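Asks: All chains, full assembly: derive it from the sequences and hints.
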Amino acid sequence: MSTDMEEPGTATEDGSTEGQATEVCPVVDAVEQIGSQWRLVVLHDLTEGEKRFNELKRSTEANARTLSRVLDDLQESGFVERRLEEDAPVATYYSLTGKGESLAPVFDEIESWANEWMESCQAAAEADD
Numbered sequence: 127m128s129t130d131m132e133e134p135g136t137a138t139e140d141g142s143t144e145g146q147a148t149e150v151c152p153v154v155d156a157v158e159q160i161g162s163q164w165r166l167v168v169l170h171d172l173t174e175g176e177k178r179f180n181e182l183k184r185s186t187e188a189n190a191r192t193l194s195r196v197l198d199d200l201q202e203s204g205f206v207e208r209r210l211e212e213d214a215p216v217a218t219y220y221s222l223t224g225k226g227e228s229l230a231p232v233f234d235e236i237e238s239w240a241n242e243w244m245e246s247c248q249a250a251a252e253a254d255d
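Quick note: to get this note's numbering, add 126 to the position in the sequence shown (first position is 1).
The set of hints was computed from the structure by calculation and includes no laboratory data. All values derive from a computational prediction rather than experimental measurement. We put the CB at the ideal spot given by N, CA and C, even for glycine. Certain hints may be false.
Estimated spans, in silico, between C-beta atoms of each pair [claimed, not checked]:
{"id": "1", "residue 1": "A214", "residue 2": "W243", "range": "48 to 56 Å"}
{"id": "2", "residue 1": "T192", "residue 2": "V153", "range": "22 to 30 Å"}
{"id": "3", "residue 1": "S238", "residue 2": "R191", "range": "14 to 22 Å"}
{"id": "4", "residue 1": "Q201", "residue 2": "S246", "range": "30 to 38 Å"}
{"id": "5", "residue 1": "K225", "residue 2": "S185", "range": "19 to 27 Å"}
{"id": "6", "residue 1": "V150", "residue 2": "E211", "range": "37 to 45 Å"}
{"id": "7", "residue 1": "E181", "residue 2": "V150", "range": "34 to 42 Å"}
{"id": "8", "residue 1": "S238", "residue 2": "L210", "range": "35 to 43 Å"}
{"id": "9", "residue 1": "R209", "residue 2": "C151", "range": "15 to 23 Å"}
{"id": "10", "residue 1": "G224", "residue 2": "R178", "range": "16 to 24 Å"}
{"id": "11", "residue 1": "V157", "residue 2": "D198", "range": "30 to 38 Å"}
Replies: Following this line, the structure appears as structure tokens:
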């Protein structure tokens, strides 16, 4: 029996899929770029503006090793830039690049969707009020 729908791709060893429809590829590629939990948390946190490493550590509740790794990854992929302030006290600041800032409306839409459709998000939002 033949259908007009394509079968989903089969997973390979590295977790990627073979045979995906070409329309899906940009979505999959984008999610792979920003998709880890910690990347999303850090990117979303930086939409509020430039922050020092320890500010990010406190606000994201990530341990120093994880945060350092995530910031390096985000910097390498062009979402985050690092600025070193060499005056006393020496401080490292992180902020979003244009590429990172372009995610702000995406986060707004995801947050709206989550508030509408996910009970745990609704309960958390109500608890914050």
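Asks: Confirm or reject each hint.
Replies: Against the structure, the hints:
Distance hint check for A214 and W243: the Cβ-Cβ separation is about 49 Å, which falls inside the suggested range of 48 to 56 Å. About 26 Å separates the C-beta atoms of T192 and V153, a value consistent with the hinted range of 22 to 30 Å. For S238 paired with R191, a C-beta distance near 33 Å fails the hint of 14 to 22 Å. Distance hint check for Q201 and S246: the Cβ-Cβ separation is about 31 Å, which falls inside the suggested range of 30 to 38 Å.
For the pair K225 and S185, the supplied restraint of 19 to 27 Å holds, since their beta-carbon distance comes to about 21 Å. A C-beta distance of roughly 43 Å is found between V150 and E211, which places it inside the suggested range of 37 to 45 Å. For the pair E181 and V150, the beta carbons lie near 37 Å from each other, so the given range of 34 to 42 Å is met. Distance hint for S238 and L210: a CB-CB separation of about 36 Å, consistent with the stated range 35 to 43 Å.
Between R209 and C151 the C-beta distance comes to about 34 Å, which lies outside the given range of 15 to 23 Å. Between G224 and R178 the C-beta distance comes to about 21 Å, which sits within the given range of 16 to 24 Å. Judged by the Cβ atoms, the range 30 to 38 Å given for V157 and D198 is violated: they are separated by roughly 20 Å.
Hints 3, 9 and 11 from the earlier list are contradicted by this structure; the remaining hints agree with it.
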